[in-house]
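For the protein sequence lines, the chains are A and B, in the order given.
Quick note: my numbering has the first sequence finishing at residue 287, numbered continuously throughout.
Quick note: my numbering has the second sequence finishing at residue 289, numbered continuously throughout.
No wet-lab data here; the hints were simulated from the structure.
Keep in mind that the hints are not guaranteed to be accurate.
Said to hold, decoys possible - Restraint ranges, calculated between C-beta atoms of paired labels, are given here:
hint: 1; chain 1: A; residue 1: D206; chain 2: B; residue 2: L284; range: 39 to 45 angstroms
hint: 2; chain 1: A; residue 1: D206; chain 2: B; residue 2: V(-3); range: 51 to 57 angstroms
hint: 3; chain 1: B; residue 1: I107; chain 2: A; residue 2: Y106; range: 38 to 44 angstroms
hint: 4; chain 1: A; residue 1: I87; chain 2: B; residue 2: L262; range: 43 to 49 angstroms
hint: 5; chain 1: A; residue 1: K248; chain 2: B; residue 2: L284; range: 53 to 59 angstroms
hint: 6; chain 1: B; residue 1: I19; chain 2: A; residue 2: E100; range: 38 to 44 angstroms
hint: 7; chain 1: B; residue 1: P278; chain 2: A; residue 2: Q241; range: 41 to 47 angstroms
hint: 8; chain 1: A; residue 1: D206; chain 2: B; residue 2: N191; range: 55 to 61 angstroms
hint: 9; chain 1: B; residue 1: Q129; chain 2: A; residue 2: S10; range: 24 to 30 angstroms
hint: 10; chain 1: B; residue 1: Q129; chain 2: A; residue 2: I87; range: 23 to 29 angstroms
hint: 11; chain 1: B; residue 1: I1; chain 2: A; residue 2: E100; range: 41 to 47 angstroms
hint: 12; chain 1: B; residue 1: V(-3); chain 2: A; residue 2: Q241; range: 29 to 35 angstroms
hint: 13; chain 1: B; residue 1: S(-2); chain 2: A; residue 2: E204; range: 24 to 30 angstroms
hint: 14; chain 1: B; residue 1: V(-3); chain 2: A; residue 2: R284; range: 57 to 63 angstroms
Stated by the list, open to error - Covered stretches of chain A (chain B as the covering partner; in silico rule of three or more C-beta atoms under 8 angstroms from a C-beta of chain B):
hint: 15; segment: 174 to 181
hint: 16; segment: 205 to 214
hint: 17; segment: 220 to 234
Glycine included, each C-beta is placed from N, C-alpha and C at the ideal position.
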Amino acid sequence: MKKSGILTVIIIILFAFSCKQTGNNQKKGIVVLSPEVAEIICALNAEKEITGITAECNYPPSLQQKKIVGSFSSIDKEAIIALNPELIFCSSLEQENIAYDLKNLGFQVEVIYPKGINEMLSDIERIGTLIRKKEEAVKLVNDLKEEIEKIKANAQGKLRPKVYLEIYRNPLMSVSDSSFIGELIELAGGDNIFSTLERDYARINPEAVIAAKPDIMICYSQDTLKNIINRKGWQNIPAIQKRRIYFEKDINPDLLQRATPRCIEGMKELAKIFAEWREEK
Amino acid sequence: MKKILILILWFLIGVSIIIAYLTLGKPDTNIITQVRIPRLLLTLFTGTALAGIGSIYQLMLANPLAEPYILGISSGSAFGSILLGISGLIILMPVGGFIGAGFTMLLVWKLAHQKGRFDKSRLLIAGVIAGMFFSAGISLIMYLHQQDTALILGTLMGNLGHIFTKGEWTSFLILMGLSLIILIYLFFQSTAIDILSCGDLYAASLGINVLSLRRKIFILTSIVIGISVSYAGIIGFVGLIIPHIVRFFIPSGQKKIYLLSLWSGGIFLLACDLLAKHILSMELPVGIITAFIGCPFFMWLLLKKQG
Chain A
7 MKKSGILTVI IIILFAFSCK QTGNNQKKGI VVLSPEVAEI ICALNAEKEI TGITAECNYP
67 PSLQQKKIVG SFSSIDKEAI IALNPELIFC SSLEQENIAY DLKNLGFQVE VIYPKGINEM
127 LSDIERIGTL IRKKEEAVKL VNDLKEEIEK IKANAQGKLR PKVYLEIYRN PLMSVSDSSF
187 IGELIELAGG DNIFSTLERD YARINPEAVI AAKPDIMICY SQDTLKNIIN RKGWQNIPAI
247 QKRRIYFEKD INPDLLQRAT PRCIEGMKEL AKIFAEWREE K
Chain B
-17 MKKILILILW FLIGVSIIIA YLTLGKPDTN IITQVRIPRL LLTLFTGTAL AGIGSIYQLM
43 LANPLAEPYI LGISSGSAFG SILLGISGLI ILMPVGGFIG AGFTMLLVWK LAHQKGRFDK
103 SRLLIAGVIA GMFFSAGISL IMYLHQQDTA LILGTLMGNL GHIFTKGEWT SFLILMGLSL
163 IILIYLFFQS TAIDILSCGD LYAASLGINV LSLRRKIFIL TSIVIGISVS YAGIIGFVGL
223 IIPHIVRFFI PSGQKKIYLL SLWSGGIFLL ACDLLAKHIL SMELPVGIIT AFIGCPFFMW
283 LLLKKQG
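Chain A extracted, bound-state conformation (with noise of 0.2 angstroms):
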């Protein structure tokens, strides 16, 4: 009975020391969980700081090398607990759990969601104060500032395309001006023609696409064109007629929907689109 008690004494004492001491190490690196802030702080030249990613952050594809804490909605909070990360980068909707759970672990977390182009230059620079690149981010927003202005003054005085964008098709949904992508078109030069929808993504009645006769169409609905063409009712709309219709392959819709710099480009690709219909009319 004796020897059992020094016994369990001896092991608990050896348990105890084996254990490594992480609490006092030094906080390092940034564990980044959006893919929208990854691609901003890899703009600003700081991806060798990134310690950690989220699998969805693709952009720029050297980020792949970076070890992975989980997916965007479930998160392994061992992972980055065992990073010990000095800053962690969350976006908002699912994550907003994790992040007050990484918050009361003593981690400073912050929340970046940003839903317009405003927004998003605002959040440039909030990231840039945080990750000590003020200046790098205050040029980058003036730059892009300085392109939106000559994509905005270009569609300025133009002719304006209905554009219909699917984002789903079973049930049939679409995009408000209020959503970032939405703002993407009506800075391009073109009409969102479902543009004052209650919520920025919401179902809609597929009439009102036939109603609204929209003449350029981008799918993002894994639909394929030979059952768009097919759809009962379609077929005066003016962008199936000509054929004017866009899927994933044609436009990355990562450009479109993430808010980053990289939105530019995907401007430039929508008033590209949007120059040719004007050249046809």
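For this one, chain A is given, so just place chain B on it according to the hints.
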């Protein structure tokens, strides 16, 4: 006399709802013929099928809570169509729904028998368990495929705005024709179902082949539900509440109850879809509207009956 007046009024209301459904907002003929009529047919079909089958189940299973979805067939059907939907085969979703419904039906029917004997409560329990199992399957898919949440919610909350391609439309018409034949056949079984509700022994003594009648009804209704779920998703409350409301006016006589349930179910769903399309500029899931209108109305009827 008062009842006949109510019935005539209800019929006229139905007709005016159909007209409003087709012409509201002054659409051009292309929209009426190519979009509204298909949607009208899908909605009427779904509503009539759910309410009609609900009235049969409530009588046959001697359970006021029985409805088309209680036997798990809808969840099985939804699971099948969602599975194909997330694999990118959106066009084939009705096929998946059909296979899911068929599979669940066979499973539940098998479980409902003990040593070759059919048992009403075993059928209900088997149905509820199968339904729970497939709901868990749907939750799992939803958790793993977050990007397809809209598709899954569309199936779970009802979606009457199905966009038909031309080929799909033809196959839908054929399947709807088949369902109509089944619904008409079930009408002619009303008397037998009425007798069946008095007990197996009594029915058998009157010369009804109880076992085969039950199997036939179960298989035929499952086919219709499978078709409806695979196109319109799961739309709750119509199959449960409409037959009960009809029984407030016509307490007995399955023939009349069945016919009025068919009509009322179709018109009720049509009215709900009309609201779902027009309350906001975006479209609301119709399942939410059916519950919001159906439940308070039902409560009011219950209270009135009490007083």
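Item to check | Structure versus earlier hints, numbers of those that do not hold, lowest first | outcome: 2, 9, 14
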